[in-house]
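Student: Let the hints inform the model, and build the full structure from the sequences given.
As they're listed, the protein sequences go chains A and B.
All the letters of the first sequence, read from the start, carry residue numbers 1 to 327 under the numbering used here.
All the letters of the second sequence, read from the start, carry residue numbers 1001 to 1115 under the numbering used here.
Because the hints were derived from the structure by calculation, they are not lab data.
Careful: at least some of the hints might be erroneous.
Here are a few chain B residues that sit away from chain A, every Cβ distance over 12 Å (derived from the structure) [unchecked claim]:
{"id": "1", "residue": "Asp-1006"}
{"id": "2", "residue": "Ser-1009"}
{"id": "3", "residue": "Val-1020"}
{"id": "4", "residue": "Ile-1022"}
{"id": "5", "residue": "Asn-1032"}
{"id": "6", "residue": "Ile-1033"}
{"id": "7", "residue": "Thr-1035"}
{"id": "8", "residue": "Ala-1059"}
Calculated cross-link-like contacts (lysine-lysine; reagent style DSBU-like; alpha-carbon spacing at most 35 Å) [as the list claims (entries may be wrong)]:
{"id": "9", "chain 1": "B", "residue 1": "Lys-1067", "chain 2": "A", "residue 2": "Lys-129"}
{"id": "10", "chain 1": "A", "residue 1": "Lys-196", "chain 2": "B", "residue 2": "Lys-1067"}
{"id": "11", "chain 1": "A", "residue 1": "Lys-108", "chain 2": "A", "residue 2": "Lys-129"}
Remember, predicted model here, so these are calculated numbers, not experimental data.
A virtual CB, placed ideally from N, CA and C, is assigned to each residue, including glycine.
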Amino acid sequence: MIVVVFGVFLLTILVVTAVAIVRTENLFVAVMLMSIFSLLMAANFFILDAADVALTEAAIGAGITTVIFLGALALTARREEAVSSGRMVPLAVVTVLAMVMIWATFDKPRLGDPDAPVHQHVAPWYLEKTPELIGIPNVVTAVLGTFRGYDTLGEVFVVFAACIGVLFVLSAGGLRDRSKEADAESIGLKHHLIPKVVGRLLVPFIVLFGLYVQFHGEYGPGGGFQAGAIIATGIILYALLEGETNALRALPRRVLLGMVVGGALLYTLVGVAGMLLGGNFLDYSVLASDPVVGQQVGIILIEAGVGITVCGSLLSIFHAFAAREAS
Amino acid sequence: MELTLDILSWILMTTGGLFVLIGGIGALRLPNIYTRMHAASLTDTMASILVLTGIMLQAGFSLATIKLMAILVFLLLTGPTASYAIANAALLSGMRPDAAETSPDKAKTPTEPSA
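Tutor: Take a look at the structure:
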């Protein structure tokens, strides 16, 4: 009961936030509201017992996306241009679509209904077989890493392709003049001594927590996507505090690109190794003498690949935005 | 013992919630950015101490308590720092902390110089 009340409350604020995002003309406010929207969404996922998704939403949606949006905002205008005409057609389309979607929800099973088709299909099999075949407590990780290994491989390549795409689009214009950079560095956060000190204190712990989420993903909520985002957050914080040049000195662009490519390659190679050892592509059972141990080794390796790719992609995109000259 | 702990944690959490409420009212009603932030940041810090201590009493001696302590330390470090950063950014972007300025509307129409 209390969960339902809380859920309705959260969803109501979610709708209010969404309307506010659409209504505001100040893009800076819109970005902040998007961050709040993501945080509310994460809370929503959490009360629906989807802790893994909640962690991803909080780290990527509320954390990194906000920074990347702000980086993009620094390159463009702060205010949305007023649109005076041509709004009726989109309004009509959206209204019709919303009606169709609301109408479609009448056929949906009730929330948490055990007889719902989604709970009758493969989910019981996953829940039943995971302890026996994989031997790890977090079924979500087992599904992501093993049962749906192809899907996750696809997701990693989506991240990979998205990163390459963003880098292509952003490198089209002029990069910032290198000679000005020393100047920008000296300005840095000179006036912000306290955030700098506290931030320096926090960066190692954020990265450590990211590693915990990475390698604890088999036992609790977490895994490569979340960990990659959390580690990237820590390094972006470092870049914000110490200046972009220093962050690039610690992790140069070619290392970041190597991470983007290397993570995806690691994942693929684990699959190929399975083939060479006599199994199917992405069948980890053959990686060790005991099939259950083999599955666990496979999951750890592919999760590492996911984490490396996600971290490298997010940092590359951040640096690509930060390196652009405001026009 | 159990009951005492429950009552104590209930008092702590309710007081914490009250602080958040006061902070929210302050952030809505106070006249300029510095006073608003003053309301929101101080009450938030106090509320996080109270609420998390209340939850810690509920958790007892367990791993959860240590995690809650870590969260508390994190919040105590970052919350005030964030408030400081916002205030500093406001100051650098040219907002003067003017005591005479009573509301954002009045600030735009400068009051006549008193003789």
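Student: To test your reading of the hints: which numbers does this structure violate?
Tutor: none
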